[in-house]
Amino acid sequence: MTELEAKIRTEAARLLSEGLVDVVVAFRKEDAPLRPQPAFFTNVEDLENLVYNGLCANNLANYLTRFPQETRIGMLVRGCENRSVNALVVEKQHSREKLTLIGIPCTGIIDWRKVVALTGEDILAYEDSAHTLTVRARHQTFALPRQELLHSSCLRCVHPNPLSADILLGEMLPEGDPALIRERVESFEALTRAERTAYFKQEAERCIRCYACREACPMCYCEECFVDHNTPRWTESGTTPAGTHAWHIIRAFHQTGRCTSCGACERACPMDIQMTYLTDKLGKDMWDSYQFAAGMDDQTQPPFASFTLDDKKHFQVGGKQS
Amino acid sequence: MPTNPSPRNPYQPTPMRVLRAYYESTDRSLKTLELSFENHADSQAFFKKFNPGQFCQLSVFGKGESPLGVASAAWEGDFVRFTIQRMGSVTKALHDLKPGDPLGMRGPLGNGFPLADWKGKNLVIIGGGCAFSTLYALTKHVQHPQNRPDFGQLVVIYGARSSGLCMYKHDIQSWYQRDDMEVHQAIDVPEETWDHHVGYVPDVVKQIAPSPDNAVAIVCGPPIMTKFTLPALVSLGFPPETIFTSLEKRMKCGIGKCGRCNIGSKYICKDGPVFSLAELNALPADI
Amino acid sequence: MKYILPKHELNALLERWSAEYAVLAPQKAGAYSEFLPFTAPSELCLEEPHNTRYPPKALFFPQSEAILKYKQNLGQLESIEAVPQKRVIFGIRPCDAKAVTLLDTVFAEGDNQDPFWLARRAETLLIGLGCNEPGATCFCTSTESGPFHTDGLDALLTDLGGEYLIELLSERAVGLFGGLTPANPTQQESVQNLQQAAEQALPKAFELDGLKDKLDRVFDQDVWAQLSESCLGCGICTFLCPTCFCFDLVDEAQRDTRVRNWDTCMFRVYSLEASAHNPRPTRKERTRQRLMHKYSYWWEHAGKLGCTGCGRCVRYCPVGLDIRAMLRKASAYESEALHAN
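Protein sequence lines correspond, in order, to chains A, B and C.
Note that this note's numbering has the first sequence beginning at 219, numbered continuously upward.
Note that this note's numbering has the second sequence beginning at 4, numbered continuously upward.
Note that this note's numbering has the third sequence beginning at 150, numbered continuously upward.
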């Protein structure tokens with residue numbers, strides 16, 4: 219058990235035993251190698267199974283909407299999770315007073331696929347430390363530099379610190395460089411239309427319509443997704459180009475001003491499909507047009523969810539330009 | 004290793020045409036379609052297999068398929084009747100069809116009622132709402148002079164929420180004149196001109212208390228009606244082997260392949276939709 | 150009879166087959182491998198300790214497939230003929246080949262056989278490659294399969310380092326591999342040792358004996374809620390599964406086509422009825438259906454277990470759910486419950 223794990227368990231135990239929360243949402247020991255599981259802890263004895271390390275890959279804010287509004291939830295949050303929680307509170311998916319956020323400054327999520335690519339499939343055990351992931355495979359042990367294993371979204375992360383945690387565990391980290399995410403979007407924007415189309419098709423057409431990206435995303439909480447609606451039907455249901463293109467375009471657009479760039483969609487995708495280049499592009503547009511970034515607080519409505527008489531109307535002939 | 008590479012495409016519907024279309028209910032939520040076959044050979048193939056209690060997949064091309072119980076008996080003529088409750092996109096499209104319009108049909112599908120096992124038995128037919136349609140087919144089948152001697156007494160109990168929702172009105176009215184059967188109709192709440200039973204079907208069944216002696220009971224209705232009628236019959240002394248019901252599940256292929264209607268060891272479309280209560284009791288509670 | 154194929158002769162063999170057959174083999178596709186038409190030996194992925202990410206069932210039962218063409222207003226129907234194609238699927242793993250035979254029980258037996266499945270199946274040869282070192286997520290030895298299991302295969306290859314040992318399992322395979330050198334006793338023995346070692350290296354993931362009865366008995370129990378609490382409800386486990394076969398039929402009106410798409414019991418809308426009633430309203434019932442179908446109902450439908458232990462559902466579950474652990478917990482739950490009573 220690491221020092222940080224011990225601290226998390228202590229806090230979780232206190233919240234549960236003092237009756238301050240009904241459930242603590244965190245991670246528990248994996249069954250399959252490299253894959254700690256999200257877990258709901260409701261009693262102190264279970265906390266011995268709580269783990270926390272760089273392989274805890276899911277955005278736990280995703281589980282916020284599983285609970286009734288009155289449930290008092292303790293939740294482990296890293297930078298992105300805290301922003302997702304904020305965005306959900308803005309959208310009235312849970313009231314902030316019912317939440318106790320246990321914040322952890324995040325050194326980045328390790329992409330298990332990168333570990334497997336570097337070592338082969340047969341990982342039997344691992345140990346995560348500040349700069350190195352030590353992995354025991356069947357034939358040899360690897361000491362891998364952590365930085366090379368981080369998920370691509372984490373490599374571009376701007377806000378690794380939880381912004382509004384109730385309890386903070388660990389040392390605050392320096393902010394990330396906002397240029398990284400912007401440069402990636404700009405390099406995509408710089409492509410010709412044909413090149414952009416080709417890239418989009420190459421990614422979207424691998425889609426198997428499993429909707430893991432949707433189910434892993436905290437912001438995709440619609441009771442009925444547009445793809446499941448049948449009167450009218452909005453898209454083809456299968457894995458035809460018409461179907462996969464529509465899914466990836468509309469999914470991204472529904473995230474405008476809501477996506478916190480956590481990368482949970484890409485980490486869940488079984489086909490390694492890139493999706494954040496679309497949502498990050500929309501995020502950049504929201505910033506450039508409205509100076510808005512999702513989840514920075516739990517009060518401000520996303521621009522597309524609010525209306526004022528002064529709104530820009532540059533899409534309208536004779537509309538206000540600035 | 005499978006060796007026969009070219010069986011008939013089981014997903015290919017038979018071409019049909021709307022012969023007659025008429026509303027059954029005053030609120031226009033229930034509509035009956037009578038369909039004729041485009042090809043004589045399809046008609047022959049259909050009636051060779053058909054048995055009351057079976058269902059078909061009706062296709063409106065461009066909208067999809069919907070599973071519907073057959074509401075006619077073979078002797079009524081060279082057509083197939085369905086009564087359709089307007090629910091989703093396909094049933095809406097079916098309601099919009101006019102006489103002469105083409106559509107597709109796959110079937111008959113499923114097992115149907117085990118008529119051979121019921122020979123010599125008294126039949127207690129209990130239906131509620133639009134699910135009565137397959138029981139209408141059963142009653143029509145039994146009423147035919149050639150089939151009538153195969154069965155003992157015939158009791159029909161049919162409930163609807165209101166008189167406006169009662170189906171097959173004229174025909175059922177004529178059943179009161181028959182001396183070979185007993186008819187009971189019920190609606191949920193009293194209406195001024197209604198002179199039959201008032202109350203929910205399970206209560207009406209208890210009140211009429213049909214005898215379980217040498218009898219089988221067949222129950223088709225909305226889930227809530229079925230849920231309370233089955234125990235009512237058990238308490239009247241019907242053993243579970245003599246109580247039958249028809250399950251309605253979301254079905255797609257209708258031939259036991261698509262997996263959707265799986266409950267435990269059964270596929271409702273292929274092994275059902277008609278099951279005895281004894282069979283249902285052996286299934287996992289996944290209904 | 151067992152034969153030897155030096156690895157440097159494999160390319161020539163695949164090219165020879167390509168003259169008569171469409172040859173499909175695991176090849177690199179980004180960071181993973183996929184069954185694709187054989188192009189060049191450099192693209193082959195035969196050394197990987199695991200199978201393709203996307204299951205080869207798709208080669209017989211594509212994820213989206215047109216099954217009917219119609220003219221919307223005229224009611225005219227046009228049947229789509231299933232055209233047999235001569236194919237060799239090379240390098241399929243034993244778990245995936247066995248899965249094809251399990252799907253035969255759905256699509257190729259009894260009434261209403263599926264012409265699309267049958268057409269693809271009839272003229273396709275399956276040439277398997279055994280697994281010298283099954284991966285950490287594999288559990289074929291717990292599911293009546295194994296790293297060198299031969300069900301469904303026309304021939305099985307075992308990797309001996311510099312060469313493959315080939316076991317011919319069907320008449321058709323004899324024609325495919327002509328003029329090979331028979332394996333000598335030393336080679337045969339080293340294959341035996343290798344195969345045994347591979348099987349023994351895989352620990353038993355759970356006890357299959359009595360598992361069905363245990364699962365049947367805990368059908369109503371709370372354990373399913375515990376097992377599914379972190380489940381996302383996505384379709385990965387079922388879509389990547391080589392034995393899952395559920396499908397949907399959908400009219401794509403703008404193309405005048407009825408399409409068959411893979412579907413999954415893990416989706417809420419799968420069991421949602423038009424009346425808004427849903428017999429499996431939460432992830433608990435849906436997870437239970439997935440496990441019960443494979444580990445209980447398959448026995449009753451086909452007399453066989455519906456899982457071959459390929460491990461894809463374990464490897465790619467986005468929340469790390471492991472069917473092996475789920476089955477262990479479900480059966481242990483029963484012991485606890487019985488003990489408590």
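Treat the hints with care, since some could be wrong.
Distance windows between CB atoms, simulated [claimed, not checked]:
| # | chain 1 | residue 1 | chain 2 | residue 2 | range |
| --- | --- | --- | --- | --- | --- |
| 1 | A | 509 | C | 228 | 32 to 42 angstroms |
| 2 | A | 515 | B | 289 | 13 to 23 angstroms |
| 3 | C | 320 | A | 416 | 45 to 55 angstroms |
| 4 | C | 369 | B | 30 | 53 to 63 angstroms |
| 5 | B | 95 | A | 284 | 27 to 37 angstroms |
| 6 | B | 82 | C | 220 | 19 to 29 angstroms |
| 7 | A | 459 | C | 334 | 53 to 63 angstroms |
| 8 | A | 518 | B | 231 | 44 to 54 angstroms |
Since the hints were derived computationally from the structure, they do not count as laboratory data.
Since we're looking at a predicted model, the values are computed, not measured.
We treat Cβ as the ideally placed atom computed from N, Cα and C, and that holds for glycine.
Against the structure, the hints:
Under the hint 32 to 42 angstroms, the C-beta atoms of residue 509/A and residue 228/C, about 59 angstroms apart, miss the expected range. Evaluation of the 13 to 23 angstroms hint for residue 515/A and residue 289/B yields a failure: the beta carbon distance comes to about 46 angstroms. For residue 320/C and residue 416/A, the hinted distance range of 45 to 55 angstroms is satisfied, since their beta carbons lie about 46 angstroms from each other. As the Cβ distance of residue 369/C to residue 30/B is approximately 39 angstroms, the hint placing it in 53 to 63 angstroms is violated.
Under the hint 27 to 37 angstroms, the C-beta atoms of residue 95/B and residue 284/A, about 34 angstroms apart, fit the expected range. Between residue 82/B and residue 220/C the Cβ separation comes to about 24 angstroms, which falls inside the hinted range of 19 to 29 angstroms. Range check, residue 459/A to residue 334/C: Cβ separation about 55 angstroms, and the 53 to 63 angstroms hint holds. Distance hint check: the CB atoms of residue 518/A and residue 231/B are about 53 angstroms apart, consistent with the given range 44 to 54 angstroms.
Hint compliance for this structure: hints 1, 2 and 4 are broken, all remaining hints hold.
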